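Okay, here's what each chain looks like letter by letter:
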Amino acid sequence: AQSVSQHNHHVILSEAASLELGCNYSYGGTVNLFWYVQYPGQHLQLLLKYFSGDPLVKGIKGFEAEFIKSKFSFNLRKPSVQWSDTAEYFCAVNSGGYNKLIFGAGTRLAVHP
Amino acid sequence: DGGITQSPKYLFRKEGQNVTLSCEQNLNHDAMYWYRQDPGQGLRLIYYSQIVNDFQKGDIAEGYSVSREKKESFPLTVTSAQKNPTAFYLCASSTRGPVTEAFFGQGTRLTVV
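The listed protein sequences derive, respectively, from chains W and F.
Here the working numbering is used: the first residue of the first sequence is 93, the next is one more, and so on.
Here the working numbering is used: the first residue of the second sequence is 59, the next is one more, and so on.
Worth double-checking, as some hints may not be accurate.
Simulated crosslink set (EDC-like; lysine to aspartate or glutamate; CA at most 20 Å straight-line) [as the list claims (entries may be wrong)]:
| hint | chain 1 | residue 1 | chain 2 | residue 2 |
| --- | --- | --- | --- | --- |
| 1 | F | K129 | F | D88 |
| 2 | W | K153 | F | E159 |
| 3 | W | K141 | F | E159 |
| 4 | W | K192 | F | D88 |
| 5 | W | K141 | W | E107 |
| 6 | W | K192 | F | E73 |
| 7 | W | K192 | F | D117 |
| 8 | F | K141 | F | D117 |
| 9 | W | K192 | F | E159 |
| 10 | W | K150 | F | E159 |
| 11 | W | K192 | F | E130 |
Note that these hints are calculated values from the structure, not bench results.
These numbers come from a predicted model, not from an experiment.
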């Protein structure tokens, strides 16, 4: 069965530190990959997505992610985090032509000023 | 404003009672989803529907039921068979086929006492 693993459940950083959140998925076929963010008290928002083409995708608020097919990974990065990046981040996968969208367990990021 | 509306925001029910959560969208999306969000477990897929009058079980469908009689609406019933119904429930919608982006509602927090 399709699954998504996010290995970091809680991450604590100081402002200006670099961020990398891991995401691995289990499906071997064609996949669409997503990172969503949930700020405290707000609904889930799309950060970035990958369908095909350049494996390095850029999203909103300075986030980027790299798709490495051989590693089944889609890690999220940001060179310098801000206090306002404090949120929960979710990786998600959609495989093939179906509408089954599977999420990881999420990573809670806390950024201290 | 286009979007997804979930109601109510907070819901309290007595143990043993069925309860129905509402989800309406005006984005003209064919596909709709219900997720359950629990701390440390991310979003787990309950049911999804790719088109009117059709829906499929997700990973944790036991104790839940849905209907999709209209394109705009995808209500979720939490039945008395659901052993641990207290949770945060999220509804989403997207275009049909490979998911390009899913849009989320604000969620309903159900507490069963």
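Handout entry: Hints breached by this structure
Key = Result: hints 5 and 6 break, sorted rising.
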